[in-house]
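Asker: Residues per chain are reported as follows:
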Amino acid sequence: MKSMNTVQKSIKGMMLFAVMLVTVFTHASGGHGEDNHDSEAHGNQIDTAEEIRGYIKHHLQDSHDFVLYTDGATGKHYGFSLPVIVSTSKGMKFFMSSEFHHNDDGHVVVEKDGVKLAKIHSKIYELNEGSVTVEFDADHHATNAHKVIDLSITKSVVGMLLTALLMFLGFSSLARGYKKGAIPTGFARVLEPLVIYVRDEIARPNIGEKKYRKFMSFLLTVFFFIWILNLLGLTPLGFNVTGQIAVTVCLGLFTMFIYMFSGSKDFWQHTLWMPGVPVVLRPILAVIELVGFVLIKPFSLLVRLYANITAGHFVVMSLIALMITMKAAFGPVASTGMSLVLSLFISIIEILVAFLQAFIFTMLSSLFIGMAVEEHEHH
Amino acid sequence: MDQLLNDFSPGLFFMQAIILLILIGLMRKFAWKPILDALQSREDGIQEALDAAEEAKKEMTSLNADNERILKEARAERDGLLKEARDIKEQIILEAKEEAQEQASSIMESAKAAIDVEKKAAIAELKTQVAHLSIEIAEKVVKNELSSKDDQLKLVDKMLGDVTLN
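Protein sequence lines correspond, in order, to chains B and Y.
Under my numbering, think of the first position of the first sequence as 1, with each following residue one higher.
Under my numbering, think of the first position of the second sequence as 1001, with each following residue one higher.
Hints in this document: simulated from the structure, not taken from any laboratory.
Under the rule of at most 27 Å between Cα atoms (straight-line distance), these lysine-lysine pairs were calculated in the DSSO-like manner:
(1) Y:K1033 <-> B:K210
(2) Y:K1143 <-> Y:K1154
(3) Y:K1033 <-> B:K179
(4) Y:K1029 <-> B:K214
(5) Y:K1029 <-> B:K210
(6) B:K112 <-> B:K93
(7) B:K297 <-> B:K210
(8) B:K211 <-> Y:K1029
(9) Y:K1029 <-> B:K180
(10) B:K211 <-> Y:K1033
(11) Y:K1154 <-> Y:K1127
Model the full assembly from the supplied sequences, consistent with the hints where possible.
Answerer: Structural data, given as structure tokens:
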């Protein structure tokens, strides 16, 4: 646990460093940035700190298109569009994201059966009745449009489906292998120790020998889901699924509901009416314990995962961007070399973090489940 | 915080919840349950095999100890038998010796007795003969005495000489 903290601290340190760098260069080239304010929309090259920041921000968000590469000179995007499914005031609407033409600032308005939809910062807005274009206030908030419930197959959803498919193929083949013999062969030999690891190092010691079996499906699924998604995020495909707060909130809530609904009688007694303390203190303790279990524990789970992955992506992208931001100061060779070495180093750490975060999430989930199902010995 | 709330997409949350639920269900049915069952049965098998080996080892040890014990017992029995046999032998010899002694002494005794009887008989006979002789001598002496004293003495001498010759 100590090394984990050190890694987290060092990552936080790196992130701070990168943020400082980016901020410094933003100020240095602020005037230049103003000129190319709408460069993103025109698909020009990204070569100012402002644009890099925008690009990183854009990457960290979910996206309705799957863009692998953008030709800066022609503004052409290579990739594929994904289905958009939105629930508007006039029912569900289905169309392909290509209809937005990669526009992300609300300038392209798609009309579907009398519903006008625009995409602003990866969010789909429905224009109010009678409006034709989106109007913005000073803070760049849309004034005549509101968000819709967006069930699109976004890039993150694609990532999750891909992960689910990989998991299903991998582990069902491992499961089928056992029908042929007790010893797995081929790739299953890699997967089996991982399953045993989750069972013996995470679930068993934290939940207890008697009750761990019931929670294995959840723990194993969540462990591999998070791990594979974290690793996919490190590939050039550019997924950032576990860096989506909605995804981690969902994972955290799953854990919370599981341990709240499997709490033993002892758990509820110790939470709501703690024996062995003065009666006056008991309601106060109950409130503290309940807030701890309902809010703080899932919150710590979901924020830890979200923050670590977001920070990781942010740092790697910032370090890659050093190549551009430091070019003026150190020349192309030195800045490229520095960026390469640093981003390689951080990427290796990120591979560790990808595992670590999956491990910590599963570990803490099973720890909380273990607390809830524990049966105390009565003296 | 505002940024976080703005980033939170209810749609993505919903999709994630659905995907995760379905994935947990599918994985449970097609992967985790069979995998964990197979692992469990394999581990149980290994444990059983280990236990059986341990049991066999224990049995082997007890068997060895048994063998050792039996061997020891056999050896002790053999020693006992040998000792007994030796004792019996000694006793037999002793008895034989004693019997022989007894017999020898009884033979001696009877021999002695026989000798005594013979001796007594011989002595008795001797006595009778001596008595006869004495009487004869006395008869002759008495006869000769009637002739001359010298003749009588001569006769006695002659008779004594005969006796000695006899």
